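These are the residues of each chain, in order.
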Amino acid sequence: AQTVTQSQPEMSVQEAETVTLSCTYDTSESNYYLFWYKQPPSRQMILVIRQEAYKQQNATENRFSVNFQKAAKSFSLKISDSQLGDTAMYFCAFCPLGYNTDKLIFGTGTRLQVFP
Amino acid sequence: GAGVSQTPSNKVTEKGKYVELRCDPISGHTALYWYRQSLGQGPEFLIYFQGTGAADDSGLPNDRFFAVRPEGSVSTLKIQRTERGDSAVYLCASSLLGGMNTEAFFGQGTRLTVV
Chain A
1 AQTVTQSQPE MSVQEAETVT LSCTYDTSES NYYLFWYKQP PSRQMILVIR
51 QEAYKQQNAT ENRFSVNFQK AAKSFSLKIS DSQLGDTAMY FCAFCPLGYN
101 TDKLIFGTGT RLQVFP
Chain B
117 GAGVSQTPSN KVTEKGKYVE LRCDPISGHT ALYWYRQSLG QGPEFLIYFQ
167 GTGAADDSGL PNDRFFAVRP EGSVSTLKIQ RTERGDSAVY LCASSLLGGM
217 NTEAFFGQGT RLTVV
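Here the protein sequences line up with chains A and B, keeping their order. So the first sequence is residues 1 to 116, counted in this note's numbering. So the second sequence is residues 117 to 231, counted in this note's numbering.
Calculated directly from the structure, the hints in this document are not laboratory data. Among the clues, some could well be false.
What the hints assert, rightly or not - Per the computed footprint, the stretches of chain A lying under chain B, defined by three or more beta-carbons under 8 Å from a beta-carbon of chain B, are:
hint, region
1, 39 to 48
2, 102 to 108
Unchecked claim - Pulled a few chain A residues facing chain B out of the computed Cβ check, cut under 10 Å:
hint, residue
3, Val-4
4, Gln-6
5, Pro-9
6, Met-89
7, Phe-91
8, Phe-115
The model shown is predicted, which means the values in this text are computed figures rather than measured ones. A virtual CB, placed ideally from N, CA and C, is assigned to each residue, including glycine.
The shape of chain A in the complex, shown without the other chains:
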């Protein structure tokens, strides 16, 4: 079975500081995508960052970066210079390739609170 585990139900960080959210996944596939999504109270899922498993270089998007460890099946998200608007639920997600589907498998999420 393919699963995604987020072991931190809640995290908090002070504004301008750095925080890291953890994610591990289980799969026998060698080719896949990994994602981090943000879900504010509006419920709309917003893509934060995407990583292709065959790329060794860690993805970065402005203040967001990942630490992708393929052998360890770990995919953590680092948020630098945290802002109040980063307060939200964050979901890690996995998509295997090679099947006729685009379904995402999500973890249970981490609630991030940014304090002033």
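Starting from the known structure of chain A, arrange chain B on it as the hints suggest.
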């Protein structure tokens, strides 16, 4: 439209009733997805459309759930004989072509409450 639109935003229904949830994807997007998000959980895949056809419906939990996309644009998720366990937020997403190298854009969901 500018984004994925889902209607209604909230729906309360009685156990045993039939409900329809609507999703208007971004214009021109061929791929459309439905997910269900129960309280305190991550979204769970239900069905994926490519054009008018369901490319993957493996996530539909049982035969009370059905989804259509007759013209390759708007999609309707239909739930028969609703049960209290169907209470959740139902999320819809669309992407230009499908495939994980194109971004999927989500709507704000429909919160379904079965009483």
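Each hint tested on the structure:
no. : hint       : verdict
1   : 39 to 48   : holds (count 6)
2   : 102 to 108 : holds (count 7)
3   : Val-4      : holds (8 Å)
4   : Gln-6      : holds (8 Å)
5   : Pro-9      : holds (9 Å)
6   : Met-89     : holds (9 Å)
7   : Phe-91     : holds (5 Å)
8   : Phe-115    : violated (23 Å)
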